[in-house]
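Student: Those protein sequences? They're chains A and B, same order as listed. Using the working numbering, the letters of the first sequence correspond one by one to residues 1 to 598. Using the working numbering, the letters of the second sequence correspond one by one to residues 1001 to 1114.
Treat the hints with caution; some may be incorrect.
[Unchecked claim] Label pairs and their calculated CB-CB ranges:
#1 B:Gly1082 <-> A:Lys565: 49 to 55 Å
#2 A:Asp222 <-> B:Lys1109: 45 to 51 Å
#3 B:Pro1058 <-> A:Asp592: 38 to 44 Å
Because the hints were derived from the structure by calculation, they are not lab data. All C-beta atoms in this analysis are idealised placements derived from N, C-alpha and C, irrespective of residue type, glycine included.
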Amino acid sequence: MDIILTDIVKKSSTTLGRDMAEESFSIEALDTDLLIIGGGTAGCLAAVEARERAPGLRVTIMEKAHIDRSGCLSAGMNAINAYIHPGETPESFTRYVRFDALGLVREDLVLSQAREINDVVRRVEGWGLPIKKDEQGNYLRRGRWNVSINGEYLKPIIAQAARDAGAQVINRVAATNLMMKDGRVAGAYGLGVRDSKLYAIRARATIVATGGASGIYKPNNDGSAHHKMWYSPFNTGAGYTLGLRAGAEMTSFEMRFIALRVKDIIAPTGTLALGFGAPQVNAKGERFMAQRFADWGGDGSPTPLRVYGPVQEVKEGRGPCYLDTRHLTPEQVRNLKAAYLDMYPSIVLYWAANGIDPSKEAVEISGTEPYIMGGHCQAGYWIDVGRRTTLPGLYAAGDVAGGAPYKFISGCWAEGVIAARSAVNDLPSLATPPNPDKAQMEAEGERIFAPRRRFQEVGEGVAPSEMEERLQKVMDEYAGGVSTFYEMNAERLEVARHHLQRLEGQVKYLMARNPHQLLQAQEVIDRLLVARAVVEHLVHRKETRWPGYQTRLDYPQRDDERWLKFVNSIYDGETGEVRILERPYQQFVSGDRYKPKE
Amino acid sequence: MTVLIDKKKCNSCKGLPEPRCVQNCPGDLLSLGSEDGKAFIWDARDCWDCMTCVKLCPRRAITTKLPYVLADYKATLVPIAGKTSIRWTLTDKEGQVEQFESVTLQPKKKEARP
Ligand SMILES: Cc1cc2nc3c(=O)[nH]c(=O)nc-3n(C[C@H](O)[C@H](O)[C@H](O)COP(=O)(O)OP(=O)(O)OC[C@H]3O[C@@H](n4cnc5c(N)ncnc54)[C@H](O)[C@@H]3O)c2cc1C
């Protein structure tokens, strides 16, 4: 049967397989100019920018959830963590980010997003975001680069802006693979989460903005609390695997993000440390950051050291560690709770449930399981300053894009804007791709629906949650998870590699009992491939660049002579190998790479 | 972490193509029961506790519950979301009540764009 692509408003629907039998799947074929995969922080801004630049352009967002509350911003936000306040410049910002990332970042990328940040923040304020002001009417500072906001409603605000700009939104379709045609990206395939259809969306240009990956490692909490994690448990690394499977070049997966968080409830600590001036103390009451990391700035040390520090305290018997909040007045505690309600309400409930008053007892902290993301760290697509990936026709923005840490919300917005601008500029040279390959489409459908077929035909197998747990255990124990103080050596990584290869062989036994499990099956398949790339990156970097994030027991020193460079990778879908390559570091901004200021 | 859904209060947002909670859960965790037609959660363990569904439920049928492994029994946190602000009522396990209100949306401004 022929698949005819029609305009997005006239959706066509055809069925492949045996006479609409249960095990068949139907195909929804759509056509657009610019496809944005992931309608989150970066994706919504990309949509607005594209429509404003090119009002006639058909812009389509493919979103796994519903753009009103999807992704990291689901519960809201209470600060914009990257902003260039008066007295600072994009250069001073880049200098700081370089210091924070221990001397190795893509300075060209950091600079380019820094130049957009203030403009994009003002734009979102114009859409209705309440930004707090000081007495002079300037944005209220919360630390050197931060602005306090009332951001509970932030996600609906930017989602509405995307709709108002005229973007088409297809909610509840999870991207599963890129559509490839003649060596370029020609759109994407997705699983209809509600209708269990295969979506084939053909596009001239595609922006991937699916966020980073959680759930690669065993989380801090397990059982009934296993999703009590900081990063969105629903950002499962799909954007990385779309690119990996199509042969895109990735960078810095070894720079894992381990966040310093409130123990158990895993709430962000920036609200406490920056917003309320709480220093870290150990069980003996010592301000260990000030003592042991004085050269780096004590409590102002680079982010990896601020998690490495307390983890070492615990390891060496001086834990638990705390953020000391005992100086807070009752009014400040109230303000603190109000700030959390805008972003992470469960900590307020947690304190009320356990009778915790932060003005009377210090708040216990811990490191999280490692996340893979390019927003706080720099794991992601290797891109040029226009946010073009190495695959023609594909752009990346937000946590899925690599090389530029310290993005947070505003940097993700900036990248969405930059990626959209590049895509719009490049469109004249990107012709409408030919009709998708029917064989490719069928193969993708077979791949996605295999776990459902297994349930129908065999009736037993591996549940996605079982495979997820297994993967997380392997990564935790052998690739530097929470239980091993994030440390690793070549031998342990080799064991991880071996187990992951074996798990890969188990994918064919994945079974989905219902549509939700079918989605979960895709998620664990994605997580597994991300994990494999992470391990290869960790194996390759033979130094300790980012203590905590990447601690090699067998190479404990930072080694600028040999390792001041990026570790990149390309996955070969045919052989299943992750090939590693190295890319040089380039300095664009003057100054000592290990100093926060000139 | 999870949410509790009061089946007596849930009317599955009659008249809407999908109940608000089902439509908006960022993790696709909610669905309508095929037998009783009421919202349910596929797997209680998988909730991230963003409270989206709790804020959106017009009948206040959904409450957030912290897993017992993390938190004592009895405290509650109830949001009431208005058009431009949100009000929270926090009750600790001793029954002490605290209220918070925060602005969520301000009037749109004409964009001054370069
Ligand atoms: C709890 C928390 C609090 C934070 N607090 C702050 C703060 O106060 N200030 C700050 O500046 N930063 C904060 N951050 C960081 C910031 O929110 C993120 O860095 C940023 O939002 C990431 O933007 P993104 O567009 O890359 O990802 P997201 O905004 O998460 O968007 C990704 C989108 O892709 C969708 N998606 C995922 N997979 C697929 C798929 N297969 N197909 C289709 N769509 C898919 C998701 O559903 C989502 O909509 C916080 C993060 C978290 C998790």
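Student: None of the hints should be skipped; say for each whether it holds.
Tutor: Results for each hint:
Here the CB-CB span from Gly1082 (chain B) to Lys565 (chain A) is close to 53 Å, well matched to the stated 49 to 55 Å. Remark: the range hint 45 to 51 Å for Asp222 (chain A) to Lys1109 (chain B) is upheld by a beta-carbon distance near 47 Å. Roughly 57 Å separates the CB atoms of Pro1058 (chain B) and Asp592 (chain A), a value that falls outside the hinted 38 to 44 Å.
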